[in-house]
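K.L.:
Given next are the chains, with one letter for each unit.
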Amino acid sequence: MNEALFTVNNLWILIAATLVFIMHLGFATLEAGLVRRKNVVNILFKNAMIIAIGLLTYYIVGFNLMYPGTNAGGFFGFAGFGLHLPEGEAGGMAYADGAYTYWTDFIFQAMFAATAATIVSGAVAERIKLEAFLLFATVFVAISYPITGMWKWGGGWLDAAGFYDFAGSTLVHAVGGWAALASVLLLGPRLGKYGKDGKIKPIPGHSMPLATIGVMLLWFGWFGFNGGSVLSADPMAVSLVFVTTALAGAAGAIGAFILSRLLFGAYDLSMVLNGILGGLVGITAGADLMSPGEAIVIGLIAGAIIPLAVVFFDRIRIDDPVGATSVHLVCGIWGTLAVGIFGAKAGWQQLWVQLYGTLAIGAFTFLFAFVLMYLLKITIGIRVSEEMEIKGLDITEHDLEAYEPGPATEPSLQFSSMASV
Amino acid sequence: MNEALFTVNNLWILIAATLVFIMHLGFATLEAGLVRRKNVVNILFKNAMIIAIGLLTYYIVGFNLMYPGTNAGGFFGFAGFGLHLPEGEAGGMAYADGAYTYWTDFIFQAMFAATAATIVSGAVAERIKLEAFLLFATVFVAISYPITGMWKWGGGWLDAAGFYDFAGSTLVHAVGGWAALASVLLLGPRLGKYGKDGKIKPIPGHSMPLATIGVMLLWFGWFGFNGGSVLSADPMAVSLVFVTTALAGAAGAIGAFILSRLLFGAYDLSMVLNGILGGLVGITAGADLMSPGEAIVIGLIAGAIIPLAVVFFDRIRIDDPVGATSVHLVCGIWGTLAVGIFGAKAGWQQLWVQLYGTLAIGAFTFLFAFVLMYLLKITIGIRVSEEMEIKGLDITEHDLEAYEPGPATEPSLQFSSMASV
Amino acid sequence: MNEALFTVNNLWILIAATLVFIMHLGFATLEAGLVRRKNVVNILFKNAMIIAIGLLTYYIVGFNLMYPGTNAGGFFGFAGFGLHLPEGEAGGMAYADGAYTYWTDFIFQAMFAATAATIVSGAVAERIKLEAFLLFATVFVAISYPITGMWKWGGGWLDAAGFYDFAGSTLVHAVGGWAALASVLLLGPRLGKYGKDGKIKPIPGHSMPLATIGVMLLWFGWFGFNGGSVLSADPMAVSLVFVTTALAGAAGAIGAFILSRLLFGAYDLSMVLNGILGGLVGITAGADLMSPGEAIVIGLIAGAIIPLAVVFFDRIRIDDPVGATSVHLVCGIWGTLAVGIFGAKAGWQQLWVQLYGTLAIGAFTFLFAFVLMYLLKITIGIRVSEEMEIKGLDITEHDLEAYEPGPATEPSLQFSSMASV
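Protein chains in written order, with the working numbering: chain A, 203 to 623; chain B, 203 to 623; chain C, 203 to 623.
In isolation and in its complexed conformation, chain A is listed as follows (with noise of 0.2 Å):
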């Protein structure tokens, strides 16, 4: 390994965090254009807290739990609180065959931690209790995410199973789905979602231009999720994986444009969206064993399951204003089992290894999620009040409004109290 070699390497494991940062960015701006104008300012902080609370707490314990290097039975382990670099060359080019420094290892990992509780946050818009949120997102990053986690990435029983997922269709998209679902049980669904006579009541985004900015950034951040997940600069590695991934989404697109024309009648904008999501999600775990025919038969078929997710979550009252558990949970399992059947894992016994992997990871993250947030209801209480639901969280937790009312017909006078003061 030579120094120009590890330079490289190194640097796209860079790009590649500073990509997956972004999708930051894209779930705040999806989850924002799809929740109403009056709950906009709660998810935006939200989402700006998510990030620093993910990356302090994988620095706290998030990285030691997820990378014990010991596997004491592969279940859980945990080396120690904070970062502490190797000396010399054991935290450099000797740290990872010359692919990248310690630092690099640590910040590529830590921008993904976040993730799974952005996830969760789509799904429990306009009605959860901000500080519930935010304790909950801090102990499921900091402590269950990097678990579930360890059992593949940090060389855990899943790893010695076999188990594949190349860059988290179960360890970041589906964790996050489970949390997800686990949280919108206990929680209800949202004010007026379900009438009393069995009707569904549909709730649109309040600005679609922000859900389209947040699906187009999270797919640009995916070649840094999936293209570093690599985990190095190889050529023909990364090269495929940005072919599989870009491949993927386009089907995505497709599948859910064609079945949404086909149930809803209608060219539907938020499904042609989340079926993109869909197809990213479920290229995720084998973006690199697929060919590109390959990756668009998934990318199809994720794709077409969106408008069938959210017509199912919806039939049996689970509320999920954003689709989050359409996309990452049912499409991240898809994308798990995928591994088995398409590619060059494809067969029964990966299959078998696919589905017991993201079961076992479903029920630890699932029972996980839902004690977590059993307790936090019986104590400080999960859902704000129906006057605050109906006011909105904007007015309500943070005194604020995310736009300045709108002009009824004279714009340039309604300032003049103001500024006659």
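A few of these clues could be false.
Repeated chains share a single entry, so a pair holds when one copy, or any two copies, can fit it.
Derived DSS-like pairs: lysine-lysine, alpha-carbon spacing no greater than 30 Å straight-line [as the list claims (entries may be wrong)]: (1) K395 to K579; (2) K403 to K579; (3) K579 to K398; (4) K593 to K398; (5) K547 to K395; (6) K547 to K403; (7) K579 to K547; (8) K593 to K579; (9) K579 to K401.
No wet-lab data here; the hints were simulated from the structure.
Keep in mind it's a predicted model, so treat the numbers as computed, not measured.
Position chains B and C against the provided structure of chain A, taking the given hints into account.
P.N.:
Just chains B and C now, kept in the frame of chain A:
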């Protein structure tokens, strides 16, 4: 060629592809900002779909039409459907003299492909039928764009003739602009744009922040668009391209600022924004050939062209809501000709080749687009009904408004009826 | 130094320049979000123009003022107008010990140059005359910024004295902050901000999503701002800078969260957003010197400073609509001093040098900005008329509203009059 150099070259093209990708969000937000509130979902939908269509058709046929390998006469060639990775090093370090892999070649070019159709989407906004547009975009991107692209970049007859177009002032931008012009001619202006009394009614966009976000993201992505077109990470070449691209965009802003101030009296934001784009389109054909000073001159002229072209198209009643023909067609031609006037290749002979190259590609593209759009017009129809146009495409095609209706006076009360269900 | 290492080093600085570029969109959206709806076009216009002005003046004089090569006394030098590529390898591999080319050096520094003026644009928003601002920005960026920049980065007297400012807590951020302070003192507060009864009227921004997009884009770009300031792709150095930059931003959010909760009681989104920026400004001077833990402490303190500084400036009736002086001036000074308190260079001697360095640069910058703005005030005038301020600058300076007036009740009908023309 050593492995480290191969790795860094390849990495740069992949990162450049990522930057080109985000230009699609730039186009989406720019176009969304410049249309009216009632057509925002429609333009976002089109732009999301175009990326998917562009990537998938380029996978199916485009790449092999644009780079057929053999050039039978140099006008047309096809290397078969889908992607076929050459075996071993033939798809890797040996593929492009150690510059990039086969997959990288595909993904970088694929990111460009959708651009041409995106340019059209802006020009035909607010009145085209969605199905007609999607069909047009699919066929145009799948067939017309790669054929003329092959003439130069695929080693075809214009390449043999000495025509130069570094990153696509003609091959991408003017091609999109010609298709936009053909489409708009068949489609006609928006209702109410040109009064019976000869008056031209300005129809301002619905969100200048969105438009500004769009232009800045496009400039950001342009560093990949032009910088990646070096097709390696060669330090001197890529850094010069960064300098010329940055300065031409800046000069475009100044050119448009000065001329719009002289012509219209006001400080016109949309002119400055389109001036930046004009400068960027203008430098694109010769970004690697120009000195910084020449880049500034090219950008200044391109920027000054913008207000003139916008006024000109309005005078001849060609209604282009976002100014796409002014930016991409007029400045695309200017940039192509500028290669014969300034920089390393300047000369009468080169200017002549640049002229007939741009005309040849323009003639083919205009004809292709005109016939295709005409066929759609006489079959499924290309224009929405007057009623749909008045109501807006968001409600009529998508059954969704871009924004939650704003509060009249009391934002906190508006959802009370919903909550009381 | 081998070719591959040269190529990857150079590539990183170019990519870092691209990341710094997008910070200008960050500033534009942050400032646009924090002003009122009636002044949005104006702030977007200023920010678009500043980039152009910054890049072009840096080409004409700035680069050669900042890096004159010779240092006659170390206070001032000038290497002539325009760019002059050293011949052959002197502009290439030999230019900076194989780290980057002459063109790369220029473009990376040029991207920084406009930042200082952009900081001013936020502070003077909503009441400054456009021409006055553009003239101020041009002269300030062309002359003042590069002169003080030379004192340290160009090898001037402060560099000789041992002053340390890794990526510009003082040289970029505090410089912008001092100029903002001088400008605001001459300009006065917005109408209605401070009532005759001594009451301070909060004037919230018009769009919190735009403000959030701005902060996240700034953080994204900061990885290039700080990471690129390593001036090579050195794996250990760049990766450490990524870690300290990420953690300081995160800690800034937490610091502002805690203190604003204690002071104001509410969960204040704008404080958390400015806290992130404060943390980033704070770490910038010593991002390469700090351990992760030290970065967190610096960020926490910077974040906690934000609510205090905002309240302080409001008390002394310095009206800064976006909090630019709190973020860039106060946290810039804090970050500069922190180099003497924490990390590899900590010590009384260093702290003393940091103090007089920041004061020397502050004194020069404040004086330059004050005199320049004063000259503009007594000649063309710097403040718009009361009537213009009340009506808003969008209508009065640009004849354009930022947003299409929203629908009152029936969005689909509002354009019917237009269509009936």
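K.L.:
Take the hints in turn and mark each one as holding or not.
P.N.:
Right, here's what the structure says about each hint:
1. K395 to K579: For K395 and K579, the Cα distance is within 30 Å only inside one copy (21 Å; across copies 43 Å).
2. K403 to K579: within (26 Å within a copy, 38 Å between copies)
3. K579 to K398: within (25 Å within a copy, 48 Å between copies)
4. K593 to K398: within (21 Å within a copy, 33 Å between copies)
5. K547 to K395: neither (43 Å within a copy, 59 Å between copies)
6. K547 to K403: Cα proximity of K547 and K403: none, with 44 Å in one copy and 62 Å across.
7. K579 to K547: neither (43 Å within a copy, 49 Å between copies)
8. K593 to K579: within (22 Å within a copy, 47 Å between copies)
9. K579 to K401: Answer is within; shortest intra-copy Cα gap is 28 Å, inter-copy 41 Å.
Consistency note: the structure conflicts with the earlier hints numbered 5, 6, 7.
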